[in-house]
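All chains should be built: construct the whole structure from the sequences, respecting the hints.
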Amino acid sequence: MDQLLTSLPGFRWQDAFDILLNAYILFRLYVLFRGTHVFRVLLGVFVLWVLSRSAQSMGLVITNWAMQGVITAAFFIIIIVFRNEISSVVQTRDMKSFLWGIPRHQLNTPLGMIVESVNELAEKKIGALIVLPLKQGLESIVQGGISVNAALSREMLVSIFWPDNPLHDGAAIIQGNRITRSGVILPLSQEKDLSSFFGTRHRAALGLSQLTDALVIVVSEERGKVSLAKEGEIHTINKNADLEKVLQEHAGGDTGKKGLRHQTLELILAAAICLSSTTGLWFSFSKGMETLATHEVPIEFMNPYPEMDITAVSVSNVKLLISGARPLINSLKTEQINVKLSLADAKIGTNTLFVSQGNITLPPGIQLKKIDPPKVDVTLDALMEKELPIQPQWTGKLPEGLIMRETRTIPPRVKVIGRELALNDMATVFTEKIPLDNLAETGTISVTLMSDPAVFKTEKKDKILVQYFISKKEP
Numbered sequence: 002m003d004q005l006l007t008s009l010p011g012f013r014w015q016d017a018f019d020i021l022l023n024a025y026i027l028f029r030l031y032v033l034f035r036g037t038h039v040f041r042v043l044l045g046v047f048v049l050w051v052l053s054r055s056a057q058s059m060g061l062v063i064t065n066w067a068m069q070g071v072i073t074a075a076f077f078i079i080i081i082v083f084r085n086e087i088s089s090v091v092q093t094r095d096m097k098s099f100l101w102g103i104p105r106h107q108l109n110t111p112l113g114m115i116v117e118s119v120n121e122l123a124e125k126k127i128g129a130l131i132v133l134p135l136k137q138g139l140e141s142i143v144q145g146g147i148s149v150n151a152a153l154s155r156e157m158l159v160s161i162f163w164p165d166n167p168l169h170d171g172a173a174i175i176q177g178n179r180i181t182r183s184g185v186i187l188p189l190s191q192e193k194d195l196s197s198f199f200g201t202r203h204r205a206a207l208g209l210s211q212l213t214d215a216l217v218i219v220v221s222e223e224r225g226k227v228s229l230a231k232e233g234e235i236h237t238i239n240k241n242a243d244l245e246k247v248l249q250e251h252a253g254g255d256t257g258k259k260g261l262r263h264q265t266l267e268l269i270l271a272a273a274i275c276l277s278s279t280t281g282l283w284f285s286f287s288k289g290m291e292t293l294a295t296h297e298v299p300i301e302f303m304n305p306y307p308e309m310d311i312t313a314v315s316v317s318n319v320k321l322l323i324s325g326a327r328p329l330i331n332s333l334k335t336e337q338i339n340v341k342l343s344l345a346d347a348k349i350g351t352n353t354l355f356v357s358q359g360n361i362t363l364p365p366g367i368q369l370k371k372i373d374p375p376k377v378d379v380t381l382d383a384l385m386e387k388e389l390p391i392q393p394q395w396t397g398k399l400p401e402g403l404i405m406r407e408t409r410t411i412p413p414r415v416k417v418i419g420r421e422l423a424l425n426d427m428a429t430v431f432t433e434k435i436p437l438d439n440l441a442e443t444g445t446i447s448v449t450l451m452s453d454p455a456v457f458k459t460e461k462k463d464k465i466l467v468q469y470f471i472s473k474k475e476p
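If you want the working numbering, it's the position in the sequence shown, counting the first as 1, plus 1.
Keep in mind that a hint or two might mislead.
[To be verified] No more than 27 angstroms apart at the CA atoms, straight line, and that leaves these computed lysine-lysine pairs for BS3-like:
id, residue 1, residue 2
1, K226, K193
2, K371, K341
3, K370, K334
4, K376, K348
5, K387, K464
6, K464, K398
7, K125, K246
8, K416, K464
9, K458, K348
10, K320, K376
11, K240, K125
12, K334, K320
13, K334, K376
14, K398, K434
15, K473, K398
16, K126, K246
17, K434, K387
18, K320, K341
19, K334, K371
20, K240, K226
21, K434, K474
22, K125, K226
23, K464, K434
24, K348, K387
25, K387, K416
26, K434, K416
27, K387, K458
28, K416, K458
29, K341, K376
30, K226, K126
31, K434, K458
32, K434, K473
33, K416, K348
34, K136, K246
35, K246, K226
36, K320, K371
Because the hints were derived from the structure by calculation, they are not lab data.
Structure (structure tokens):
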């Protein structure tokens with residue numbers, strides 16, 4: 002539960018799509034292979050995988066290693082031993098049935114009509130192959146044929162297998178009270194000890210019953226005998242009552258309705274198991290592939306007051322220790338991470354701001370582990386205006402015998418704009434240095450003001466005038 006809660010904040014829509022896609026693929030594999038030997042073996046492999054993960058979580062190194070070896074070997078065995086069965090399922094001509102079609106039970110099949118039709122075909126020694134699918138679909142196994150989708154009737158069924166009909170050599174598929182396809186080619190059984198009385202139709206019926214749970218009725222053209230293939234075995238039917246009893250047991254009206262409800266519940270349960278299994282796999286792999294990384298990210302200060310400036314900060318970057326799935330961490334760039342600190346509550350002077358997860362924006366799927374440093378000192382200063390007197394800045398000394406009696410600046414005062422903390426301590430504005438060595442008489446000189454753009458700037462951009470009055474020293 003802790004792992005789930007930790008992973009949810011970084012859960013992306015890509016992760017949801019990943020889980021749903023793989024859950025649907027797993028569900029389709031179940032639909033296609035259920036009832037086959039392949040499915041039962043795959044179920045065993047899944048149990049081994051669960052045991053392997055459990056052994057890994059408990060620290061059972063040898064058991065986990067052995068389970069992984071068995072699972073790897075099992076996949077090769079499945080491909081080799083069940084290659085024919087896998088090929089029969091995969092080699093489908095109908096993409097719809099392969100991707101999203103779901104087979105249905107027989108429902109409300111008029112079995113009496115089928116028995117009467119079979120009896121008539123047997124009496125006239127007309128060969129026939131009639132298929133009644135149950136749980137498993139046939140689209141990925143049977144081939145050829147044409148779509149009929151006609152209402153089931155004795156006349157229709159007999160006419161399909163009439164010798165002059167071009168489709169009489171294939172099989173007819175009955176679902177519910179309709180004949181869906183005719184002239185269908187069934188897979189032939191590879192058994193070598195089949196009785197000599199059985200011909201190609203019987204071998205085809207046996208082959209389909211070995212791969213699916215369908216009931217296949219065979220009418221022999223030479224002998225006029227009726228046989229029923231189910232679960233990989235052929236049973237000779239001597240009486241119409243026996244045939245109707247078997248059909249009623251497996252594909253009867255009431256049983257079909259119950260079977261349909263059972264199949265619907267089965268598919269819903271299978272879908273739920275596939276979804277939960279894929280979700281568990283995602284959390285397991287995402288946790289197992291977690292890696293750490295450090296990124297040094299610049300701090301962005303959000304200043305809502307334009308009259309306030311940042312004069313100093315203790316650090317301009319913070320180091321973030323992050324974690325996530327290895328592919329996400331490897332593709333992550335520093336530009337995708339943002340650290341923003343708000344100055345809305347800051348005041349003039351030094352402010353201490355704490356860096357928390359709420360100030361950091363990370364891509365989905367990435368978790369924050371550590372922040373260094375966790376706090377930043379920011380010094381703020383506001384701009385202000387102040388009128389200050391201008392003071393000429395003299396250097397050197399006048400020639401021998403001369404004295405400076407008075408100086409004036411035009412204008413005498415100037416307005417400056419600068420940082421409040423700095424301007425509070427300023428009492429005057431100095432001009433540039435004016436050498437006294439070459440001054441011999443009263444005059445006026447044009448100079449500029451000294452200013453530090455980082456601290457203040459003067460409103461007057463032009464040069465100012467400095468008047469000075471020099472006289473000789475009295476003896």
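Going through the hints against the structure:
{"no.": "1", "hint": "K226 with K193", "in the structure": "holds (22 angstroms)"}
{"no.": "2", "hint": "K371 with K341", "in the structure": "holds (16 angstroms)"}
{"no.": "3", "hint": "K370 with K334", "in the structure": "holds (17 angstroms)"}
{"no.": "4", "hint": "K376 with K348", "in the structure": "holds (17 angstroms)"}
{"no.": "5", "hint": "K387 with K464", "in the structure": "holds (19 angstroms)"}
{"no.": "6", "hint": "K464 with K398", "in the structure": "holds (23 angstroms)"}
{"no.": "7", "hint": "K125 with K246", "in the structure": "holds (23 angstroms)"}
{"no.": "8", "hint": "K416 with K464", "in the structure": "holds (14 angstroms)"}
{"no.": "9", "hint": "K458 with K348", "in the structure": "holds (23 angstroms)"}
{"no.": "10", "hint": "K320 with K376", "in the structure": "holds (12 angstroms)"}
{"no.": "11", "hint": "K240 with K125", "in the structure": "holds (16 angstroms)"}
{"no.": "12", "hint": "K334 with K320", "in the structure": "holds (14 angstroms)"}
{"no.": "13", "hint": "K334 with K376", "in the structure": "holds (24 angstroms)"}
{"no.": "14", "hint": "K398 with K434", "in the structure": "holds (12 angstroms)"}
{"no.": "15", "hint": "K473 with K398", "in the structure": "holds (14 angstroms)"}
{"no.": "16", "hint": "K126 with K246", "in the structure": "holds (23 angstroms)"}
{"no.": "17", "hint": "K434 with K387", "in the structure": "holds (23 angstroms)"}
{"no.": "18", "hint": "K320 with K341", "in the structure": "holds (14 angstroms)"}
{"no.": "19", "hint": "K334 with K371", "in the structure": "holds (18 angstroms)"}
{"no.": "20", "hint": "K240 with K226", "in the structure": "holds (10 angstroms)"}
{"no.": "21", "hint": "K434 with K474", "in the structure": "holds (24 angstroms)"}
{"no.": "22", "hint": "K125 with K226", "in the structure": "holds (11 angstroms)"}
{"no.": "23", "hint": "K464 with K434", "in the structure": "holds (13 angstroms)"}
{"no.": "24", "hint": "K348 with K387", "in the structure": "holds (21 angstroms)"}
{"no.": "25", "hint": "K387 with K416", "in the structure": "holds (6 angstroms)"}
{"no.": "26", "hint": "K434 with K416", "in the structure": "holds (20 angstroms)"}
{"no.": "27", "hint": "K387 with K458", "in the structure": "holds (11 angstroms)"}
{"no.": "28", "hint": "K416 with K458", "in the structure": "holds (9 angstroms)"}
{"no.": "29", "hint": "K341 with K376", "in the structure": "holds (12 angstroms)"}
{"no.": "30", "hint": "K226 with K126", "in the structure": "holds (8 angstroms)"}
{"no.": "31", "hint": "K434 with K458", "in the structure": "holds (18 angstroms)"}
{"no.": "32", "hint": "K434 with K473", "in the structure": "holds (23 angstroms)"}
{"no.": "33", "hint": "K416 with K348", "in the structure": "holds (25 angstroms)"}
{"no.": "34", "hint": "K136 with K246", "in the structure": "holds (19 angstroms)"}
{"no.": "35", "hint": "K246 with K226", "in the structure": "holds (17 angstroms)"}
{"no.": "36", "hint": "K320 with K371", "in the structure": "holds (8 angstroms)"}
Violation of the numbered hints given earlier is absent; every hint is satisfied by the structure.
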